[in-house]
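Trainee: In order, the protein sequences belong to chains A and B. Numbering follows the numbering used here, with no gaps: position 346 of the first sequence is 346. For the numbering used here, count along the second sequence from 1 and bump the result up by 1000.
These aren't lab readings, by the way, just hints derived from the structure by calculation. Don't take each hint at face value.
Unchecked claim - No farther apart than 27 Å at their CA atoms in a straight line, the calculated lysine-lysine pairs in the BS3-like style are these:
id, chain 1, residue 1, chain 2, residue 2
1, B, K1137, B, K1084
2, A, K376, B, K1137
3, A, K271, B, K1115
4, A, K19, A, K8
5, B, K1137, B, K1115
6, A, K376, A, K271
7, A, K19, B, K1115
8, A, K19, B, K1137
9, B, K1115, B, K1084
10, B, K1216, A, K8
11, A, K205, A, K8
12, A, K376, B, K1115
Here the structure is a predicted model, which is why all the values come from computation and not from measurement.
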Amino acid sequence: MRLGFVLKLAFLFLHRSRKATFVLSFMVLTAVAALVFLSALAVGTNDAMIGNSTGLFTGQIVGSNLHPGDLPLPAIAGVERVVVRRDLPVLLGKNGRVEPLTLIGVDAAAEKATTSLARKTLSGRYPDPGEASIFLGHATAERLGVAVDDHVLISDRDEAPLASLQVAGIYRTGLTHLDQGMAFCPIESLPGQQTNLSIAVFLAKGTAEDVVVGILRRILPSASFLAWPEFMPDLQQLIELDHICMGIVIFLVFVIVSVGISCAFHIFILKNLRDHGIMKAMGVSPADTALLLVSQILILTVLAALVGTVAGVVLAEFFATVGIDISSFTSHNQYFAVSGLLYPRLTFLATITPPATAIFFGLIAAVWPTAYVLHKGPAEILRGM
Amino acid sequence: MMIELQGVSKTFSSGRGHVAALSDISFTMARGQRGVLFGRSGSGKTTLLNCIGTLETPDSGAIVIDGCDICRLSHRQRCHFRSKSVGFLFQAANLLPWLSVAENLMFPLEQNGIKGLEQRRRIDALLAAVGLRGYDKAMPAELSGGEAQRIAFARAIAHRPAILLADEPTANLDSANSRVMIDEIHALCREQRTTVLIATHDHELVSTSDVVICLKDGRLEEKR
């Protein structure tokens, strides 16, 4: 038979078996839509964790061992902002107590506009540019017994006094290394001469950090650049784990759906077995029978997968606009230190994997009923009618 | 086509053991002859038709059609033989319920590569021949038993097969419709020189048939 006629038969069969076609399509459609949305949500969750973790202070790329002549950096595609910092290992003293930490001199205006640290202020405020003030983590403040407006003494590691800074504000991030080991002051107030120059690079959404790191390493070979997966391996592992879990979910959902499709199709075919007996009696070859059945399943799964993908995309885009607030579940989670809002994001892979998997498993589901029909002889079928 | 059966036997295995459906059946029908196959239920009529139509393979013997032993054909060749040379008419109309009347008639034509205008022309002629002009778009479920059986007949002859095998085609019809159906079958046999073999209980057909075969318990009881 001509392929066109087989496809026409397959389409007519599905079209005129409306109820069964609808039930089967709905099963595939909902599975695909749910998985497209879940995949987008998983990407959005990863984005949120990365955004929260890097947006607080570090940026997606950290550059160190820089020289003043290295800056400003040339324009690089995907780089949204670069903030320059100087740091100095110091001792912070008050009331006879001493706390070793890294004092970081920042461009207060640029930091406020770029990072989210100022939003974690517990009391007081973020320092203004040029003022002789300091922004302390709550753990350090507690240990020193200082409050906003108190003065703290800055000494070098040899306890030689360098400066006195007034506490402008106290912050709390929930991240130990930020709350205990660091303090911030406007770069103009940073005492000492032997300071280290570093930068934090913030990238536009969707920019591959490894590409930008590669460019930076080429431009400034003497400096050191690390992307977030290198300085936050815990987050990197968590995201890889997320990918694995999503893969398992997609696989399991479609194993279940394909068993469902296979059983439903088997029942569907058993119900119409007589028709296959008649067609076989009319000389339809096993190849044409297989082609007809596979076409039916393919047309059904492809159309259902397409509609399911569109439904999943619409759902994901809607929530990407309004966001999903999960802050009540993330208040103690270091990876959601800034915001508990998730914005599902569709990637090519997240959009294409569920429908492709549905079609693949749909074809696998076709094997059993097709083999069953092919195995049965026309006389055997017609005798059983 | 000339049909020649030489010692055809067929046994089925069932819960009751081996059942001989056909035992050493031999007869010959010349091209264009009309044959009837008598016998009680279970006498082997359907099995014999199935063997001639290559739906089943005899355990022994040969079925020679135009000099070719169809029992020796490959699976693919049998499909080709059925689609090209055989028309089946069953007790029930057995129309494909998800295809309209015209699409049911289109099926054997497509299988034989008859497309386009010629296909349309044949479908119109077939519908006119069985008195159902204008039924193209009707679905099988909308037809009466008699109408459905006439469409089934039209489908069986659409591709102008050389052999028409009819298994009690009038069993579900009233006497008036039965008469019309048999007349139509005989008219076809005359026009296209189709070899027709009808399995039936209707003894009225004896007078209008060239070959009469009686089966009893799978054996040839009588042949005229």
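Trainee: When the hints from earlier in the document are held up against this structure, which numbers fail?
Mentor: 2, 3, 7, 10, 11, 12
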